[in-house]
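Student: Chain order of the listed sequences is A and B. Positions 1 to 238 (the working numbering) are the ones given, in order, by the first sequence. Positions 1 to 238 (the working numbering) are the ones given, in order, by the second sequence.
These are calculated hints, taken from the structure and not from any lab test. Quick caveat: nothing in here was measured; it's all calculated off a predicted structure. Think of the CB as a built atom: it goes at the ideal place given N, C-alpha and C, for glycine as much as any other residue. One or more of the hints may lead you astray.
Unchecked claim - Which bits of chain B does chain A cover? Going by a derived footprint, with three or more residues having C-beta under 8 Å, they are:
#1 21-27
#2 60-72
#3 85-94
#4 114-122
#5 168-175
#6 182-195
#7 209-217
Number of protein chains: 2
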Amino acid sequence: MNNLKSEEVTVRSIGYIETPFDEKFAVPRQSSLISHGHFEIHFHPPYDAEEAFKGIDDFSHLWISFLFDRINEDDSFRPTVRPPRLGGNEYKGVFATRSPFRPNRLGLSVVKLLSVNRNHGKVSLIVAGADMVNGTPIIDVKPYIEFVDSIPSAVSGFAREAPVMHQVSFSEEALKQIAETGIPDFRELIEEVLAQDPRPAYKSRHSDERLYGVGLCGYDVKWQASESGFTVRYLEKA
Amino acid sequence: MNNLKSEEVTVRSIGYIETPFDEKFAVPRQSSLISHGHFEIHFHPPYDAEEAFKGIDDFSHLWISFLFDRINEDDSFRPTVRPPRLGGNEYKGVFATRSPFRPNRLGLSVVKLLSVNRNHGKVSLIVAGADMVNGTPIIDVKPYIEFVDSIPSAVSGFAREAPVMHQVSFSEEALKQIAETGIPDFRELIEEVLAQDPRPAYKSRHSDERLYGVGLCGYDVKWQASESGFTVRYLEKA
């Protein structure tokens with residue numbers, strides 16, 4: 001039914017996204033759970049041409065197709081993964097999850113379109129809610145079409161409900177350091193990222209004494225978990 | 001920010017979809033507007049392994065990433081397209097549309113999961129509502145996650161509302177021929193396809209005398225447009 005030609009195709013990135021997440025560990029596990037932080041999609045020429053975005057301002061949300069480029073390309077296909085949602089100790093089929101460890105390493109996220117930057121005929125997009133590492137290659141941008149894409153009645157298996165959010169507090173030192181960075185809404189961003197518990201899933205049910213670090217906006221944010229939630233201790237310039 | 005390695009990647013099809021649409025002309029312009037007809041996603045080994053689908057039955061809807069393989073790969077990038085929605089005579093930026101004429105020829109559709117076929121450890125998926133030509137290469141399957149993907153408040157520009165549906169009627173001869181094919185729900189499928197007016201957009205405001213043909217389920221379905229709607233005249237074996 002398929003000719004051989006269509007079985008393989010070369011995909012080129014059309015741009016990349018700038019996010020506050022310097023490493024995989026910092027990235028929220030779904031899009032739309034993060035509302036703070038600066039996210040900008042930059043396009044390579046010729047995809048940055050202003051006319052290629054004519055009409056995009058009329059849409060509130062966009063689908064971003066991207067490549068999980070931090071996943072080893074040479075990894076052979078593994079049919080099952082252990083979703084963090086299930087505590088990391090239950091296997092699901094890769095096609096029943098959005099795990100990055102999948103054929104073709106294709107990622108898909110919905111983002112909110114905040115504004116369209118037009119500068120001398122070149123465009124970049126400011127968006128909210130992306131779950132991608134800083135520099136992730138973008139391969140397509142499409143409008144979200146409500147009457148097709150929004151299915152409030154959809155049944156979503158083990159991902160039925162939004163994840164539980166954890167309490168996040170800050171030491172005096174951390175608050176002082178955060179203020180000194182001058183990064184807008186940096187405290188709120190840290191709160192949103194930690195509230196989702198970025199620890200490996202098998203740890204997430206326990207409190208431990210360990211000092212964790214998470215790379216955000218060029219800083220290594222040091223924090224600890226306790227019974228009552230997470231506490232940010234201090235920041236280090238990465 | 002990006003290394004060169006990540007700018008290009010080879011994508012392999014993991015399978016293909018069997019649909020009633022023998023040609024581009026027959027394909028509905030959005031997914032989810034078609035509820036009849038047989039749609040089955042077949043997977044190439046090793047992606048057909050039963051364990052790769054463990055848990056998928058718990059989801060009602062899936063995202064299908066596919067390749068627009070009927071679009072000429074050598075077409076250079078064109079920043080604007082003329083959406084059929086706008087009568088085909090207004091230009092929009094390609095990133096503000098879901099036109100198949102786009103970088104990387106990546107398609108994305110949400111489908112309803114009807115059932116999971118398991119046969120000697122191999123899986124195929126029966127789905128409803130796909131807007132793909134028969135044999136379209138599939139490159140990924142992901143679950144639809146309601147709390148992330150469904151955004152009823154999303155604003156959708158020129159695609160704000162579902163398209164207007166047209167009235168479809170059948171000649172006696174067509175009804176007899178359709179019955180003789182033995183294809184389940186074939187009449188309903190033809191109705192759904194024609195109701196969306198598959199004619200080129202610039203024709204869709206006019207009635208004309210022309211006899212159109214549309215390739216469905218191995219038949220060339222012949223029909224005409226009039227003031228009051230569309231009439232199916234007869235079928236020819238394709």
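Student: Please check whether the stretch 114-122 of chain B has three or more residues whose CB lies within less than 8 Å of a CB on chain A.
Tutor: Per the Cβ count (0), the hint is violated.
Student: Counting residues of the stretch 182-195 of chain B with a beta carbon closer than 8 Å to any beta carbon of chain A, are there 3 or more?
Tutor: Check failed, 0 qualifying residues.
Student: Please verify the coverage claim for the stretch 168-175 of chain B: does it have three or more residues whose C-beta sits within 8 Å of some C-beta in chain A?
Tutor: violated (count 0)
Student: The stretch 60-72 of chain B covered by chain A? Criterion: 3 or more residues, Cβ-Cβ distance below 8 Å.
Tutor: Coverage by chain A holds for the stretch 60-72 of chain B (6 residues, Cβ < 8 Å).
Student: Are there three or more residues in the stretch 85-94 of chain B whose C-beta lies closer than 8 Å to some C-beta of chain A?
Tutor: holds (count 4)
Student: Verify the coverage statement for the stretch 21-27 of chain B against chain A, using a C-beta to C-beta distance below 8 Å and requiring 3 or more qualifying residues.
Tutor: It is violated, with 0 qualifying residues against the three required.
Student: Tell me whether the statement that chain A covers the stretch 209-217 of chain B is true, taking a Cβ distance below 8 Å and needing three residues at minimum.
Tutor: Since 0 is below three, the answer is violated.
Hints 1, 4, 5, 6 and 7, counting from the list given before, are not met by this structure.
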